[in-house]
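Residue numbers (this note's numbering), protein chains in the order written: chain A, 1 to 177; chain B, 178 to 661; chain C, 662 to 763; chain D, 764 to 1396; chain E, 1397 to 1911.
The reader is advised that the hints may include incorrect statements.
Unchecked claim - A partial selection of chain E residues facing chain B, derived with a Cβ cut-off under 7 Å:
#1 V1529
#2 G1543
#3 G1547
#4 V1555
#5 L1569
#6 M1606
Stated by the list, open to error - Pulled from the structure, derived: some chain A residues nowhere near chain D, Cβ distances all over 12 Å:
#7 L4
#8 I6
#9 A16
#10 N26
#11 A36
#12 V39
#13 A42
#14 V60
#15 L68
#16 M74
#17 F75
#18 G77
#19 E86
#20 T87
#21 H91
#22 A99
Since the hints were made in silico from the structure, they are not lab data.
All C-beta atoms, glycine included, are put in the ideal place defined by N, C-alpha and C.
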Amino acid sequence: MVELAIFVLMGLSTLAGGVTVVLARNPVRSAMGMLASLVSLAVIYVVNLAHLVAAVQVVVYAGAVLTLFLFVIMFIGVDRAEDTSETIPQHRKLVAGLALVVAAGAAVLVWRGRFSWTPTAPESVPIPNGTVQALGGELFTTWVLGTEVTAVLLTIAAVGAIALAFHRRSGKASAEK
Amino acid sequence: MNPDVVGDIAWAGLAPELILVAGAVSLLLLDVQRKPGVGVLWGSALGIMVVALALGIWQWVVAEPSGELVFGGMLLLDPAAAFARLVVLVVSILAVSAGRGLFAHLGTRAAEGLALVLLASAGFVLMAASQNLVMMFLGLEMGSISLYILAGITGDGVRSDEAALKYLLLGAVASAVFIYGAALVFAGTGSLSLVAIGAFLGGYLLLSPAVVLIGIGLITVGLCFKVAAAPFHVWAPDVYQGAPAGIVGYMAAVAKVGGFAALARVLLIGFESFRADWAPVVAAIAALSMLLGAVMAIISADIRRLLAYSGVAHAGYILTGLASGSSGLSSVWFYLAVYAVQLVAAFSVISVLGGPASSGSDLAEYRGLYRRSPMLAVALSVSLLGMAGIPLTTGFVAKLGVFLQAWQQGLEWLVVVAVLASAVAIYLYLRVIVTIYMQSPVTDDPVAYDRPTSWSLGLATAFTLILGVFPQPLLSLVESAGQL
Amino acid sequence: MLEVTPGWYMTLAAALFLLGMTGVLIRRNALVMFMCVELMLNAVNLTFVAAGRAAGVLDGQVSVFFVLVVAAAEVVVGLAIIVAIFRRRETASVDELAALRG
Amino acid sequence: MIELPAEALWLVIALPLGGAVLLHFAGRLLGEPRAGYLAVAASLAAFGVAAVAAVPFFTGEGHPAQSLLWEWMPAVGASFEIVWDPLSALMTLVVTGVGSLIHIYSVGYMHGDPRFARFFTYLNLFTASMLILVLAGNYAMLFVGWELVGLCSYLLISFWFTRPSAASAGKKAFVVNRIGDFGFLIALMVIFSTFGTLSYAGIFGRAAEELSGWAPTVIGLMLATGAIGKSAQIPLYVWLPDAMEGPTPVSALIHAATMVTAGVYVIARSAPIFEVAPVASGVVAAVGALTALWAATIAMGQSDIKRVLAYSTISQLGYMFLAVGATAYVAGVFHLMTHAFFKALLFLGAGSVIHAMGGRQDMENMGGLRKVMPVTFATMVVGVVAIAGFPPLAGFWSKDEILSVVFNRGGWFTVLWLVGLVTALMTAFYMFRQLVMVFLGKPRWPEGVTPHESPRSMTIPLVLLAVFSVVAGLINTPFRLGLEHFLEPSFEGVKLGHPPDGVGLVLILAGLSVAAGAVGAAMAFFVYHRPPETWRRFQAGFGRMWGWWENAYRTDDLGQAMLVAPGRRLAERTAFGLDAGVVDGAVNGVGWLVQAAGRRIRPVQSGLIRQYGLWLGLGLVALLIWIVVRGGA
Amino acid sequence: MLSLLVLTPLLGAAVVSLVPARRRELFLPLGMALSVAPLGVAGAMFFSFEKGRASFQMVEKMIWWEPWGVSWHLGVDGISLGLVVLTTLLFPLSLAVSDSITDRRKAFVIAMLFLETGLIGSFLALDLLLFFVFFEVILVPMYLIIGIWGGGRRVYAAVKFFIYTAVGSALLLAAIIALAVMHSSRTPEGALSFDYLALLNLDISSTAQMWLFGAFALAFAIKVPLFPFHTWLPDAHVEAPTAGSVLLAGVLLKLGTYGLLRFNLALFPEATVSLVPVLAVLAVVGIIYGAVVAIAQPDLKKLVAYSSVSHLGFVVLGIFALTSAGLQGAVIQNVNHGLTTGALFLLVGMLYDRRHTKKIDDFGGLAARVPQMAGFFLFMAFASIGLPGLNGFVGEFLVLVGSFPSLPAPTVVAAFGVVLAAIYMLWAYQRVFTGPLTNPANRNVADLSFKETAVLAPLAALVLLLGLYPAILLERTAPSVEAILDRIEQSTDYQAPSPGRLADVFVSTSQDGDQ
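Could you put together the complete structure from these sequences and hints?
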């Protein structure tokens, strides 16, 4: 009962946020929309017993990533309304058609109950509780390699950011050499 | 599986990649500590890769990859993975040794560039080795993101930026598609491990496999994007054209190796029991890629776009081998190996001619190349003839293997399409050869290139020709790599 | 009284994914496009969580971490590129980046 | 008396052939006149050998003999084998005999020509080829000779190749002959597929029983086609008049005495086949008669001394065809022989006249040559009388035999006989016309021409030939059929056509033909022994007809308009329209299509990221729909 | 021995590549010397060839690409013998007349030697894949020879040549693969095999035979070239340098007819028998069409090129006549055409070197200036017209007389080609060599040099020899040809008409006439 209410509310706000992201003519608005959907998703995670994930969602996404977005938006100063009129001929129509087809297809699948799957956990199986301890155990045993790789990934990101964003100066430097 | 203590993890199985990563990091540190000359960095990077290769060979020969699951079942170190590793490393070595000019051009960012190359190689090897969808995704991203950066790294030119952004944006979408597919499969089967998935799907009869099917579809699309198979290839020509010449060959080659290795794993281990469902799709993609690639390549005036489209066509040939199931795997490996080498060689020539950081190389610049530098002309034309599949080059052996497999698996129509497409494709390679040999050069000044480049080109050419006549060693190699 | 099955969540996720996809296709501001990609990834995460819950394993939730990190990494690099481009030519509209074609 | 085995007969061919080869390589060194002498020697030697080998047949104890030289194309039963029987012996003697004389004559005639040696090379080669033809024991080998003589005639007609007319005449001759050979080839195909061999020995014996249905007719007609080409019969005679572009000895040897009679020889040789192919024989006879008349009319209108002879040759060949067509093979061969003598004589005479007139051939500008060149005149008279068929000269006997045989066949052959008779009249007319115009009357020579008798080397052959023209007829008279007995072995099992029995009828027929000849001769004499105005009036009497005759019925223009021009147009259309346009166009069209397709697809690569995304999306959705629907979900 | 034969030119190429490129004057002599070696080997092979044996001789076999059962399998029989010798003969000659090649001689010589290896190899290969490898690899050097050292539109011609042939061979490859797979599915051990002898024992369903025959036939028809696939030929010939044309006409085209004979007939007897009409008609059309088009050509080289189309039509006709005589004719005509047309192209090339034009109208009356050249030209012209006593006749005659029993109507039409041949050849000769010498440019044309005579003389000698004593070749080819014919007769209900039975045809027609 409660879950249903939460699902409906949060689901709607998630989608609403998403729609804002897509349609808002001002990037900042989009960011805000995104914030909305992120947070609502976090709530949904909680409902699904993914506590840590929910937390991380709020901290990392809403905290770090989105801030980064906003920072860049401000930095390059496009925080003004852009015209969203389509310039590529027929583009919107095609996209809309595409979206409709997918939606319809999904609807049909859902309606015919095809969008479900076999391995539903029998009642006996305890619904996994995404506590820090549980997840940590997973992350550092089975998934240790993944964890390592994430480190590498972040390194790459950092290196990339440096390499790409510094190139003005160093580009000149190399030109002077 | 599921070791409780980090201690008893089989690190050895991953030695080459660890070397690469460690090497990359140490390169960066070295760069930060005391700025060494490009030569030092380049040389040490090369050294690192050679060591990695040595370890990889050691893996192959001594440790004999028996296909055990390691790292909590994340990786499946089987011959295929080991072979992919060898190919990736060889390609990287060839590319880097020919690409010194590029890193010299990068100046202070040489270290970053080299590090990224090392990391990308490691990433794609991981991708090829992993049998867990999420792990695969991580490897994929580790490689791809590095490539995105490399595409835009010179940053002196609108086109490279554009290339980088295109690659990144579309790549991100494709990755999202891929991982969404993984999520759906996970939903459908309750597992992320391909082996388990395969066992599950083999065991159960899903009454409503829609979720799994869509998952398969999404994963296939995601990977087809990475290997630039039609109709998911649109990014390739632009990126190949815009990215710095010195790195394009590497980008294209490793991405294809990793992508196809992953594709093979997913389809043949994970979804073997759904073969009836995906095989026709793959075959269709293959046919479309071969035809579209050939046709588009014919009309492109920029040699890089031309090679990009031909790459699309080659993706089609490889998919043909894939469509013919696990028996076709060895031919796929052979094809990948030889094509990767040809690709790198061709782009090395391009980067020598257009300058390592250049974006775009008009075919007109190649007029009379033979007169300006016979060595480059021969190297380029040999790899082109190889791609065209002229006998006595590895290209022909590769095509033959693929076709044989496909025909044996009852894909006659696909083979016919393939041979016709290759006949058409010959024309575009001839176009280049015509310009190289039969037109008078724009300038007569000879082309300068350093010794390593000539070594790498020489190696690649020899590889293409010698293995084209006596492919036996490589054939027996892929023979074992072909077993799942 | 109907009870919320994971299917519901997945449907929601699918909708979100589609939304994000559409956004990528119709917005020409690179930043917003990235946000849309983030939406898609969030849809993936939702799917993982719901599916993991249904399957009774933690893998789903674990995966979310990795997806998240990847997303972050992509964003960092992407934003770097966007900044670089913006420095060069005062725009974040991808439509103006069509020099490479044919 | 030496016995010469048939095995040695290859010498007959080898001698002139060797001469040719020797002259080809050493001709320049030998130079004039030694080259000529060598050629003459070779030819004479061949004659000698042949004569010796032929003796047994004269004495009557000779038997036909075969000798295999070497296997050529076993798969089609083609081999180089020589058959030596009276017929080939006779032909050999004629060829080598007349040939030698003409060789001798040429030594004088070709005096001073820069390519003197080359001429004799060809002449010897021709002799050899002709001998291959007549000695062949096998249709394949026969065809070799058949084509080689064609080659030589080509070479000799266009001997003075710097003259465009000569060059094209040579080509014309060869091509027209080829059309005949086309038929000949088909004949050989049918023969082979019927008998499984091409060797006379394997064919003639079995012809009677094994040939059935249409086969013999087809073979006969096709052989006849070949013969028509070679022997210049309607409609393929057009090449012969042009062939007069060649040096006169050539005209005498090839286009009068020997080569052109090859057709007759082949038909006579193939008698066993024609035996069972009456239709074919009938056609041959009809063609012969028609040609005889047709050519004779043209001959009357000619004023070029050599063209008259050319058409008369065609006409005489028509007689021979008439004969062999009427199965009077002996008569045919007989006329062939006599004709060889007197026609060679006439040509050589004409040649000597032309020589004297400094190369002029137009009879209008001659006349009164009797005094300046008596020998030539005398011999020419003999020749003319002979061909006009006055007894007791050669022409009379042979022609008369032909006519009487034809008459004896009765039925529609009577018509042919009538035609022959008329032709006889015309023959006499145009020959005497020529004689009178050239030798009698007042000189009408152009300025600066001082005729003179020709040198010894030219007159001696004339005299000898004249002698033959007188006596040759006597070997086969109704009173003593020597030739027929002589040739018997060659025509075993062949029912020969014969003159009517009963001396009375024979005499009547003879009388008729002689009378015809007399009338013709008289007309010619009375008209043309008068000043030119008289001729004009006379000719005007024939109205437009004469014009047709003068222009040889304008067949050349006709051929040009009907065949050559359209043919060339057709070829050009095919080459530049069909081939370059359609066939090749299709090929290039495919290539163009591929590129066009590429250009149509190109806009997809708009460079716009969002559009690329759209393509990805489309592909994705399409794929999903397919896989899901197919997956039955 | 055969491997040696195949590899000698390759070694030669290696030797040449060692010579520094600046020693330009060395290359042609060196190349000639090196290409004489294979000629010697071929000669040895020819005379050590055992007459009266149908099976392959001097066979050599080594595993090559083990997993697919591809083997280095060489052997020679009557069908390939003549062609191999012809190939080895033409190479030194065409190198001898390549003085006009001034640019990149080294590359030229190397390309030539590669070409030789490829050609010899494809005639000797007894493994279908090996054959295909050679067959395809030939394209590259030939393409370079045309494209680099050719005339004005050389690139167009070269590319057209390459693509056109490649398209054909693409399907050929598919068909070969199909055969190999068939072998693996039909044999117990299920191994792939491309071995010719092994594939001969395969029993293939008649429908499959149709498809495979089609694929093979297309590839070879393009190579021959058979109407309507011939249009690459004139372009290639006109643009190619003399050596290129000589080898193209002399040898490359023979690959087509050779392939038809060796593979189509032997491997797909049923299809052959049922498709005879198609190919016979195409061949005949080609004979007439080629001749007619040749008549109108203003370019001497093009004329000879089209004459090749016509002549090879005879070969194809002979092949599909499926009679002993026809097949023998085809085999020997292959060689003959190589000699005569090769020589004609040599002569045209010599003319071109002197006058730098191939337009017939630019010549005229040359015989007065260059009697020797005119003589050779006329000789060869008559040889190709099919004058008895010269080789051309032997082939044509065998083909015609041999084909008539099985294909009367087409053969009769084909025979008319003989007339047309006389027309275009003699007309060309007339316009080039006879008549008054009008064009002043022709005034000072030099006659054949000693070397040129030395190049032409052996060809002329062979033309004469084969014309008068073809047995030297026939007695070696006949058994193999018979073998193929037997094979067809055994595996189908076809019976080659034994001569002497044709009269029935006429009898029957006459009876039909009666009814």
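Evaluation of the provided hints:
| no. | hint | verdict |
| --- | --- | --- |
| 1 | V1529 | holds, 4 Å |
| 2 | G1543 | holds, 5 Å |
| 3 | G1547 | violated, 12 Å |
| 4 | V1555 | holds, 5 Å |
| 5 | L1569 | holds, 6 Å |
| 6 | M1606 | violated, 15 Å |
| 7 | L4 | holds, 27 Å |
| 8 | I6 | holds, 30 Å |
| 9 | A16 | holds, 23 Å |
| 10 | N26 | holds, 19 Å |
| 11 | A36 | holds, 24 Å |
| 12 | V39 | holds, 28 Å |
| 13 | A42 | holds, 28 Å |
| 14 | V60 | holds, 26 Å |
| 15 | L68 | holds, 21 Å |
| 16 | M74 | holds, 24 Å |
| 17 | F75 | holds, 22 Å |
| 18 | G77 | holds, 22 Å |
| 19 | E86 | violated, 10 Å |
| 20 | T87 | violated, 9 Å |
| 21 | H91 | violated, 7 Å |
| 22 | A99 | violated, 9 Å |
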